[in-house]
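Number of protein chains: 2
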Amino acid sequence: MAAREQLKHAPCPVARALDAVGDAWSLLIVRDAYDGKRRFGEFLDSLGIARNILSGRLRKLVEAGILEEAAASDGSAYGEYRLTRKGMDLFPVVVGLRQWGEKHLYGRQERHSLLIDEASGKPIPRMRPAAADGRPLTPANTRVRKLPDGRA
Amino acid sequence: MAAREQLKHAPCPVARALDAVGDAWSLLIVRDAYDGKRRFGEFLDSLGIARNILSGRLRKLVEAGILEEAAASDGSAYGEYRLTRKGMDLFPVVVGLRQWGEKHLYGRQERHSLLIDEASGKPIPRMRPAAADGRPLTPANTRVRKLPDGRA
Chain A
0 MAAREQLKHA PCPVARALDA VGDAWSLLIV RDAYDGKRRF GEFLDSLGIA
50 RNILSGRLRK LVEAGILEEA AASDGSAYGE YRLTRKGMDL FPVVVGLRQW
100 GEKHLYGRQE RHSLLIDEAS GKPIPRMRPA AADGRPLTPA NTRVRKLPDG
150 RA
Chain B
0 MAAREQLKHA PCPVARALDA VGDAWSLLIV RDAYDGKRRF GEFLDSLGIA
50 RNILSGRLRK LVEAGILEEA AASDGSAYGE YRLTRKGMDL FPVVVGLRQW
100 GEKHLYGRQE RHSLLIDEAS GKPIPRMRPA AADGRPLTPA NTRVRKLPDG
150 RA
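Top line first, the protein sequences correspond to chains A and B. Under numbering that gives the first Met the number 0, the very last position in the first sequence is 151; numbers go up by exactly one each time. Under numbering that gives the first Met the number 0, the very last position in the second sequence is 151; numbers go up by exactly one each time.
These are computed hints drawn from the structure, not numbers from a lab. Check the hints yourself; a few may be wrong.
Given that identical chains are not distinguished, each listed pair holds provided it fits within a single copy or across any two copies.
[As the list claims (entries may be wrong)] List time: in silico DSS-like cross-link candidates among lysine-lysine, alpha-carbon distance up to 30 Å:
hint : residue 1 : residue 2
1    : Lys59     : Lys121
2    : Lys102    : Lys36
3    : Lys121    : Lys145
4    : Lys145    : Lys36
5    : Lys36     : Lys121
6    : Lys7      : Lys121
7    : Lys145    : Lys7
8    : Lys36     : Lys59
9    : Lys145    : Lys85
10   : Lys36     : Lys7
Please construct the entire structure, taking both the sequences and the accompanying hints into account.
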């Protein structure tokens, strides 16, 4: 079995998640869906990728149960792609990517978009893994408990 | 400019982050580094990918400032790859992928590894974006404030 194919069956949830969404375009489509985009043409305009690549990624996201196809809400002939619960649950991943990008990938003079909490009108706080009592969790104070057969 | 190349310069931090780490192997190398792996051979054994692919991904991660090369801690001739602060800061992304995978990608009978809080010995709580006052944040109660020129 090729290494890439093994990810789909891995006992490590990080590996399985990356098998499903471990490419840039898939997560950018999910990002655009959070931003309210629904139509093929909207994703096409936003991403600037070739139609056949977008078609393939949308089909893969539908097969993975992250998006679902639905009749257009305005009754037009073109269908829409809507996020499922599974797709909505990727929000922490997209927020994590955003916040890491904000911190590490912009020069001092460079500006970037902001994710705003609508209730406060302010950028959302940094999201961090935390214990039940609020202690910050890091690679240093966590460990992976592997399956008994030693697989990751 | 090709669509993929534009991600590197995007005003959206999600896009820039995915330009840097938007492939499965790069984030699995980072996962393995959190798990204490440092040597080329350790990553090779863990991932089961071809040496040239691993070499390329490690070089890209070093160029991106996510890993740094260092002399081996045991004085041997083989160098090590260590996480930088920028690499450590990807932890929320990896935790987010893990928790989404745990929730959505395993059948009832299937077991997976667990990320344990060493202090409590228990799996770490679900990480969620939250407002300063603790309200859960979702795509429905947040919005992206784009740059004035309308770019995402």
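Against the structure, the hints come out as follows:
no., hint, verdict
1, Lys59 with Lys121, "neither (35 Å within a copy, 34 Å between copies)"
2, Lys102 with Lys36, "both (26 Å within a copy, 25 Å between copies)"
3, Lys121 with Lys145, "between (40 Å within a copy, 13 Å between copies)"
4, Lys145 with Lys36, "between (39 Å within a copy, 15 Å between copies)"
5, Lys36 with Lys121, "within (23 Å within a copy, 39 Å between copies)"
6, Lys7 with Lys121, "between (39 Å within a copy, 26 Å between copies)"
7, Lys145 with Lys7, "within (17 Å within a copy, 36 Å between copies)"
8, Lys36 with Lys59, "within (17 Å within a copy, 32 Å between copies)"
9, Lys145 with Lys85, "both (25 Å within a copy, 26 Å between copies)"
10, Lys36 with Lys7, "both (28 Å within a copy, 22 Å between copies)"
Taken one by one, the earlier hints fail for this structure only at number 1.
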